[in-house]
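Asks: This is what each chain is made of:
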Amino acid sequence: MEDVKTMEKKVTLEVENLTKSFDSKKVLDNIFFSVKKDEVFGLLGPNGAGKTTMIRVILDILKPDAGEIKIFGKSFSEKIKERIGYLPEESGLYKKLKVFDCIKYFASLKGMENIDSKIDYWLKKLNLQEYKNKNVQELSKGMQRQLQFIISTIHNPDILILDEPFYGLDPINKKLIKDTLLELKNKGMTIIMSTHQMDEVERMCDRILMINKGRKVLYGNLNEIKSKHGFSIMVEYEGKLPKPEGIKKANDYGNYAELILEKNANTQTILKSLAEKVELKKFEVKTPSLNEIFIEVVENEK
Amino acid sequence: MKNKSLIVAKYEFLKTVKRKGFLFAALLLPLLIMLPLMFTMQYLPSLIPETANEKIGFIDYAGFLEPEQKFVEYRDIEAAKQALIYDNISSFFVVRKDYFNTSRITIYSKDGSFFSSTPTKTLKDFLMKNILRYGNVSGEIAEKIKNPMAVEKVTIDEQGNIKEKKSGTGGFLLPYALAMLLILSIMTSSGYLMQGIVEEKESKTGELLLSSISADQLLKGKILGYGSVGLLQIGIWILVGLIMIFNSPLGGLFAGIEISWIFGLAIVYFILGYFLFAVSIACAASVSTSAKEAQQTSMIFTMFAIVPMMLAQFIIMAPNSIVAKIFTYFPYTSPFITMMRLPLVEISFYEIALSIAILIISIGIITKLSGRIFRMGMLMYGKRASLRDIMGFLKEK
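Residue numbers (the numbering used here), protein chains in the order written: chain A, 1 to 302; chain B, 1 to 397.
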């Protein structure tokens, strides 16, 4: 009993050798990873990589061909569904239902009862209080996304799985959701986030799993992954940018560039040769952006 | 933990019965049909001129008619014409001298009036009564000649056992009405279910629902919810129908008929039939993207419900034919055909048990297959599943 509790504390989700095919096409190929308690875990990959299938298999909506999934150290059961929150990519809601009734119905399917005050709390928190008795179809796209977010979290799940959570949100509501997510994380919620918005992943995720064509291509701590991919230099300049030795790839945007360095490149030499040709406004050595790593990994796979 | 299927059923039930469309179909429609009917039955006789009390004149050149309260004799056509013009009589007829050779009579009535035309049956009865009296036939024999038979048909099998019996009009009408009601209720409930699933697909809520509830629970909840809607609707229709029947002359047709066991079987067949059609139609709806598409796809199943209606006349004429028997065992037609045959023939216990067993086994198999198609179909948005897709769904665990 003690062991199970300790395990639940450390690892929330464990996926081993997961394989799933549709017809003869392998959508997930021998994937394994784990997600720890109260971490924000990024699930990345280009379109059609198998992310949604992976989430559906985790949620037991689809059955895997092979492999094992353990949630809180146990195999999947219907009861476990009540401890998981899910925000799907598709904005699926009952348009003719009132906002309040819509939340209440989905919450009841998660085993929640007498939650009127809780619904009020969440509507107020996400500035939707005035829409409580309006039909869902009267809400803007962004508001509907917020409503879906409430539905996914109202039952205070232990794991929250979000598929493109910021899709359709304006910057203010995006920040509101982000702050709420961090608040939930601090309260002990495990968050798994699938998105294409790499900047958000960099800001929020502790660890990531990147899949491409159903296969695992990157997995682990975000900082470690970034440092493994060497360093890059951000430069702001005026003039015509040369390509000094030690630069593997340059993303030149005219007066701003990201230069990916080769493994043993000397940053001092590069700085010197750049300063000779252009007027430098800014020179910053940093780990490559996740966006850059993403593009590099996916292109190498082609 | 509350039963999640029941939560879905309650939600779907309340959502549907609150709709204007349902309220119209369930409450207003029967009232719109029944009220004029009741009104007609109740008040039409009073609107029609009392033909029973109206007098008919006659001129008898053959010399065998005896006047009575309703029939007044006139000397000649002129006198009768005057009586007709002044509305003393509604019509009159002339019996010719050669009547016993030719049977010819001439009826005179006023122009254009539908109600005042001479009731020929009354006239026939009057003539027959007088002919019999003229021929010295006694009252009792005369009655027999008028109504020579009261039929009860009995057929026996090769061992001499009684096999078939036909009862009166009411005994046939009621189970026949039940069979039709069964078709109507099953199709209505399945129709609501189909609409509900298509709406679910259009709102793209499948994925969110399946993250909280299994596909089987969801399907069960929907079937239960919409089945209850259908039952409520049919219940209202039956209630309105019964009130109407027993408050009208039609009530007499059903007097003294033992119907409890037929009702019992009807309920069993409703539940099984509805379940079979519901599961099949749910499956068809889940692979469609619109109501129109769903209707097209589910046509294959609704056709089975039309077959018994098309075969009704044949089944009534030959309730023990091989065709009737085959359709009693075929799961998609057995509820309706059995209901049709029940009042006409003695269907053995084994025959009914076998048809119910086949129905239950079919439901088991189709539920298993449909469950897979439904789960995958609910996740498919904006695209109709091809046959290849569906075969793929069936392979899913």
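In short, the hints are calculated from the structure, not lab data. Please note: incorrect hints may appear among the correct ones.
[Said to hold, decoys possible] Not the full set, but computed from the structure, chain A residues with beta-carbon under 7 Å of chain B:
hint	residue
1	Tyr-86
2	Ala-107
3	Ser-108
4	Lys-110
5	Glu-238
Source: prediction; values computed, not measured. Quick reminder that beta carbons are idealized off the backbone N, C-alpha and C, glycines included.
Asks: Each hint should be assessed against the structure and marked as holding or not.
Replies: Evaluated hints:
{"no.": "1", "hint": "Tyr-86", "result": "4 Å, holds"}
{"no.": "2", "hint": "Ala-107", "result": "9 Å, violated"}
{"no.": "3", "hint": "Ser-108", "result": "5 Å, holds"}
{"no.": "4", "hint": "Lys-110", "result": "5 Å, holds"}
{"no.": "5", "hint": "Glu-238", "result": "49 Å, violated"}
Of the numbered hints given earlier, the model fails hints 2, 5; all others are met.
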